[in-house]
Amino acid sequence: MAAPKTSLRTPMAKVRGLGAAHRGTEHFVRQRVSAIGLVPLVLWFVWAVAAHAGATFTASEAFLSHPVNATLMLLLVLTGIYHAAIGIQVVIEDYIPSEGPRVALLLLNKFACVVVALACTLAILKLAL
Amino acid sequence: MADAAASGSRKQRPLSPFVSIYRWPVTMLTSIVHRITGVGLAGGALLIAWWLIATAAGPGAYGTFAAVAGSWFGKLVLFGFTWALVFHLLSGIRHLVWDFGYGFEKNRAERIGTIIIALSVILTIAIWALVYFRGGAL
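Protein chains in written order, with this note's numbering: chain A, 1 to 129; chain B, 1001 to 1138.
By construction, these hints were calculated from the structure, which means they are not laboratory data. Be careful, since some hints might not be right.
Listed below are several chain B residues computed to face chain A (Cβ distance under 7 angstroms; list not exhaustive) [stated by the list, open to error]:
hint, residue
1, Ala1056
2, Gly1092
3, Leu1130
Predicted model only: the values in this text are computed from it and were never measured. Positions of the beta carbon are idealized from the N, C-alpha and C atoms, including for glycine.
Construct all of the structure, not just a fragment, from the sequences and the given hints.
In structure tokens, the structure reads:
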């Protein structure tokens, strides 16, 4: 189908490039924003775990009780699970062609991510407070 | 794709070979590995969740976690987790640079891909060596 020479779309709509759905880049942007946030958090986490690797229960509890560690851990877990949720969403959308299983897996992904995020949050808060 | 054809009304049609017959460019390899490590890291997040919940639950639950994490299989998984994290971090930073339009030249993209693969292995070994030589109880 050849591209039509005229269009009903306004020049502004073309510049924004959002199409008929008026949206589309949020997912891309959120993936990148969470990725930028995760860079320093992951560097901190690798350093922190390397310093405490093989730690006893007491050492692990003391580490997570410190407010700075608890804050960074909370940021890492929430940003990381958010990044994973929208990343796995794309993988499901790419590889599961039939609609029923795709929707089921997309829902499962969202629910599982919320459950894990909530469980991690409660664990960190319990240790930090 | 082929699965959709089998389940739906479309006829089963032959698929032109697109993976098997080409020599994989480095960029193709890093792209695929970036996605695989991303899915793997989501599984790794469950290990972090286990560590957090076990610590919050008490010494008994933590003991179970520490026993599994400290076993040879646990260490193998943690080593793989470390590599996946390092690779996805390096490759992710490269993706962010790509988003700004830099580094797409064919030779440079291939060279940086090779550097990322090598660096991810070197850094992973360095992290574990650091833990080992600092006398970590791993």
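Hey, does the B/Ala1056 contact hint survive, CB to chain A under 7 angstroms? holds (4 angstroms)
Per-residue hint verdict: B/Leu1130, partner chain A, C-beta under 7 angstroms: holds (6 angstroms)
B/Gly1092 was flagged as interface toward chain A. Is the shortest Cβ-Cβ separation under 7 angstroms? holds (5 angstroms)
In the structure shown, no violation is registered for any of the earlier numbered hints.
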